[in-house]
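Residue numbers (full-length UniProt numbering), protein chains in the order written: chain W, 1 to 254; chain Z, 1 to 254; chain D, 1 to 254; chain S, 1 to 254.
Warning: the hint list may mix true and false statements.
Identical copies carry no separate label here, and so any pair may be met within one copy or between two of them.
Below, simulated SDA-like cross-link-like pairs (lysine to any residue); rule was C-alpha separation at most 20 Å, straight line [stated by the list, open to error]:
#1 Lys134 with Thr207
#2 Lys97 with Thr7
#3 Lys141 with Asp6
#4 Lys82 with Val220
#5 Lys19 with Ala52
#6 Lys187 with Asp92
#7 Lys97 with Arg129
#8 Lys154 with Asp39
#9 Lys138 with Ile179
#10 Lys134 with Asp164
#11 Lys97 with Glu176
#12 Lys97 with Phe146
#13 Lys43 with Ala245
#14 Lys18 with Leu254
#15 Lys82 with Gln226
#16 Lys97 with Lys122
#17 Lys97 with Pro14
#18 Lys43 with Gln226
#19 Lys163 with Ala245
Simulated from the structure, these hints should not be mistaken for laboratory data. All of these numbers come straight from a predicted model, not from anything done at the bench.
4 protein chains.
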Amino acid sequence: MEQSFDTKRVIIGPEGFKKVVDISVPKRVNLPTGYIESDKLAKISPGGSFFANDVEYYVFPCDTFDYVMHFLKRHTQIVYPKDGAYILMRLDIHPGKRVGEAGTGSGAFTLYLSMAVGPEGKVYTYEQREEFYKMAEKNIKNFSKFENVVMHNKSIVEGIEEKDLDAFFLDIREPEEAISAVREALKPAGHLGILVPTTNQVSEILTALQAHRFYVSEVVEIMIRQYKPVPERLRPDDRMIGHTAYMIFARKIL
Amino acid sequence: MEQSFDTKRVIIGPEGFKKVVDISVPKRVNLPTGYIESDKLAKISPGGSFFANDVEYYVFPCDTFDYVMHFLKRHTQIVYPKDGAYILMRLDIHPGKRVGEAGTGSGAFTLYLSMAVGPEGKVYTYEQREEFYKMAEKNIKNFSKFENVVMHNKSIVEGIEEKDLDAFFLDIREPEEAISAVREALKPAGHLGILVPTTNQVSEILTALQAHRFYVSEVVEIMIRQYKPVPERLRPDDRMIGHTAYMIFARKIL
Amino acid sequence: MEQSFDTKRVIIGPEGFKKVVDISVPKRVNLPTGYIESDKLAKISPGGSFFANDVEYYVFPCDTFDYVMHFLKRHTQIVYPKDGAYILMRLDIHPGKRVGEAGTGSGAFTLYLSMAVGPEGKVYTYEQREEFYKMAEKNIKNFSKFENVVMHNKSIVEGIEEKDLDAFFLDIREPEEAISAVREALKPAGHLGILVPTTNQVSEILTALQAHRFYVSEVVEIMIRQYKPVPERLRPDDRMIGHTAYMIFARKIL
Amino acid sequence: MEQSFDTKRVIIGPEGFKKVVDISVPKRVNLPTGYIESDKLAKISPGGSFFANDVEYYVFPCDTFDYVMHFLKRHTQIVYPKDGAYILMRLDIHPGKRVGEAGTGSGAFTLYLSMAVGPEGKVYTYEQREEFYKMAEKNIKNFSKFENVVMHNKSIVEGIEEKDLDAFFLDIREPEEAISAVREALKPAGHLGILVPTTNQVSEILTALQAHRFYVSEVVEIMIRQYKPVPERLRPDDRMIGHTAYMIFARKIL
């Protein structure tokens with residue numbers, strides 16, 4: 001039987017322990033203070049809890065966030081939630097939108113797109129490396145609630161099959177080489193979002209966007225700072241993410 | 001005739017000039033280098049441009065982001081996009097979800113919620129101050145694509161009418177007093193997000209969440225850093241937002 | 001009579017009001033709620049206060065920090081205290097050290113260097129633009145406690161007169177062109193600090209440092225976040241400095 | 001023979017390897033790609049290098065920064081350089097100043113103070129826990145260039161022996177209990193700096209400072225962001241320090 005969204009559970013335990021488990025697969029789940037069998041886990045209502053050697057564990061249904069951060073198989077750097085959330089907003093991704101993406105990578109952001117455009121929308125995603133394509137396919141099938149993702153196992157530099165897209169997201173090695181193909185695929189005033197790790201790439205892309213008549217609306221980075229949730233000793237965590245990527249947002253002008 | 005989403009345009013000009021205009025309302029629109037009449041603006045295709053005294057202006061359709069930042073009438077601090085985007089992700093807001101909110105404020109975040117849950121979803125929003133309620137009503141009608149927002153002109157401390165909500169978002173003066181009512185309205189494992197400006201409030205809320213059996217998943221702040229989009233002299237802006245709010249995310253446990 | 005350190009006072013008033021006044025110059029000092037004559041100000045002990053229309057103002061002696069931020073005449077961007085403090089530490093500037101600097105600019109950082117190396121140390125500073133040189137000379141004389149600054153009105157690209165310096169600090173347009181001259185002036189293992197505003201310059205300097213056999217110990221930026229000092233509503237300021245400069249630290253290797 | 005400043009060397013190797021070695025102590029120094037005997041190391045000029053299995057290592061004299069970060073023995077959290085540098089500037093610590101400190105901790109910041117006030121200045125430091133006091137004493141003797149540190153093995157809450165100090169720095173458990181004693185020891189307009197990890201403590205201290213007639217000049221945190229020094233792929237490090245402490249600066253008013 002195909003695994004699905006509703007069979008995933010997040011187990012949360014002491015000291016930041018977090019594990020996503022598929023309860024449709026019989027398995028012994030190891031915990032910091034013992035274990036639980038997946039069939040026993042299946043009987044706990046979402047929001048409920050259980051004890052393993054006197055330590056309480058909470059059981060929640062699995063969100064996109066949990067799935068992406070703790071279950072999905074990766075062979076590449078994924079788009080982090082802090083960045084992904086902002087990209088969805090800046091690209092104006094909403095139910096019914098038609099959106100393109102390259103590369104698919106592990107499919108983490110493809111899932112976010114799929115969840116955001118809903119049953120009336122469509123996500124077209126391109127990945128040229130075959131092993132990545134196959135793993136992403138599994139990751140997406142394994143979670144997607146809506147049947148709205150079309151996958152292509154090719155590079156967009158060879159051309160994008162779709163036209164009049166509302167938005168396109170680029171997370172590939174040399175995005176400046178794909179700007180021209182993306183311009184073809186976007187509708188007028190369509191949104192483009194690009195994610196790159198280095199400042200040198202930002203400079204190259206800005207030059208390419210000027211050359212291909214895109215209006216650059218924002219170059220930005222998002223920093224996330226988490227706090228220890230202790231009311232009487234409130235303070236940020238000792239360590240934080242220092243950098244994931246720079247984001248460039250642009251719109252196609254005529 | 002009722003104003004609608006499709007009649008709004010963003011005009012983008014030199015040195016960060018940005019204006020949202022309703023082209024269904026006859027009006028002279030002032031620009032840094034001249035003006036344009038709204039009926040002339042209406043004839044420019046989205047993604048197109050025009051000149052005012054030799055300076056080019058771009059014309060785009062109006063996104064939720066543009067509407068919230070540059071058009072919506074405010075009498076309160078709004079939820080900033082950097083925070084709003086992350087809240088949508090952490091509360092797992094997707095097409096079809098049923099979500100509660102208090103207070104409505106200017107309706108900025110209500111619109112984000114409305115756009116995210118789509119035609120199959122529902123947003124229930126509460127605002128006790130009448131003048132805020134009325135202005136939010138206009139702001140929401142003026143933009144909302146989906147007929148999915150239910151507004152209440154009352155405080156949630158008096159009770160929330162809906163049950164089994166997927167998520168609730170609190171942006172009110174004393175959120176710790178509403179935790180109990182929110183718990184009643186949420187389904188098991190439902191998501192709660194709270195926005196507060198001060199560290200003292202974070203401490204108070206953490207204490208209240210423990211008392212009402214919520215699992216705190218994250219206390220966090222999001223910082224956004226924008227760069228000047230000049231390829232050969234790339235650098236962050238001189239000034240940035242130093243603080244908007246702290247966010248607390250929690251889930252109802254049984 | 002020459003103005004000196006001991007004749008400067010900082011007046012601190014409501015809502016962040018801060019003014020540095022030279023009490024040796026007869027003058028009416030305007031305040032948000034009135035004024036005070038400088039001779040009356042001279043009679044107030046450091047740490048004392050006075051009232052202007054029922055509002056209290058505090059009077060402090062003038063620190064290097066106050067002088068640099070609120071009195072010194074500028075025609076250029078100065079080195080900010082958050083950066084200056086870190087540079088002093090990373091260049092290991094201490095009493096007795098011999099340090100070079102280019103360009104002098106408004107002399108703000110020259111003063112910090114002068115204060116740090118003390119009576120046994122020496123600061124050699126170069127500024128090629130004559131009007132800057134003259135203004136810096138006044139700014140430095142006006143405050144310096146120690147007679148330890150030697151000023152040159154020339155570019156270091158033409159050669160640095162001193163040898164065996166402990167450290168050198170570069171804050172000029174094209175620092176990569178001065179690396180070779182600085183290498184000549186530094187003692188083996190000597191410290192080099194460079195301040196530049198753009199990422200492109202950081203890349204160019206890293207390449208130049210490799211070419212001239214410097215060991216790069218750190219590329220860094222310092223962010224400062226100030227809080228409103230209200231105990232029951234503690235929170236960061238709404239706005240903060242987004243960027244001043246990147247700093248590169250290196251050591252001369254043989 | 002007593003160890004001294006001039007006998008310390010920093011060895012810098014591949015992938016961030018950094019080690020401080022005392023060349024006056026005969027010892028085999030282990031390296032990622034082999035080892036070097038300390039007597040052989042002693043013969044390498046500062047700024048020179050050596051090879052261990054074809055990998056080059058650089059040898060530098062040991063700075064205060066290197067000593068504090070890589071040699072000094074700690075049993076407590078030390079004041080980080082990013083914070084320490086800013087504290088020195090805000091407390092206006094310069095050659096000739098008389099400064100107090102509590103607690104001494106591992107002596108890291110005591111050393112910074114000692115290096116900053118120079119031969120004409122004085123540092124008075126208090127530590128009540130005997131084992132900390134003894135370790136700090138060793139750490140300070142082991143490095144200090146100037147004979148300007150006076151150590152006390154007692155709590156300042158019992159009283160501070162010195163009077164008319166230019167500045168005082170507090171890094172103790174409950175600084176709010178020491179404010180009164182510090183006020184006695186400071187000269188009018190004298191500087192006070194306090195370091196605390198939590199927001200709750202900031203609130204408590206602000207209340208105590210108001211009660212003891214201190215003017216609060218700044219509540220602040222310093223964030224440091226390091227970049228990978230690769231010119232063609234410039235980007236910040238993946239991880240950074242998320243939090244060390246909040247700093248509160250105040251001045252004694254009459």
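*Could you work out which earlier hints the structure fails to respect and list their numbers in ascending sequence?*
Result: hints 1, 7, 8, 9, 10, 11, 13, 17, 18 and 19 break, sorted rising.
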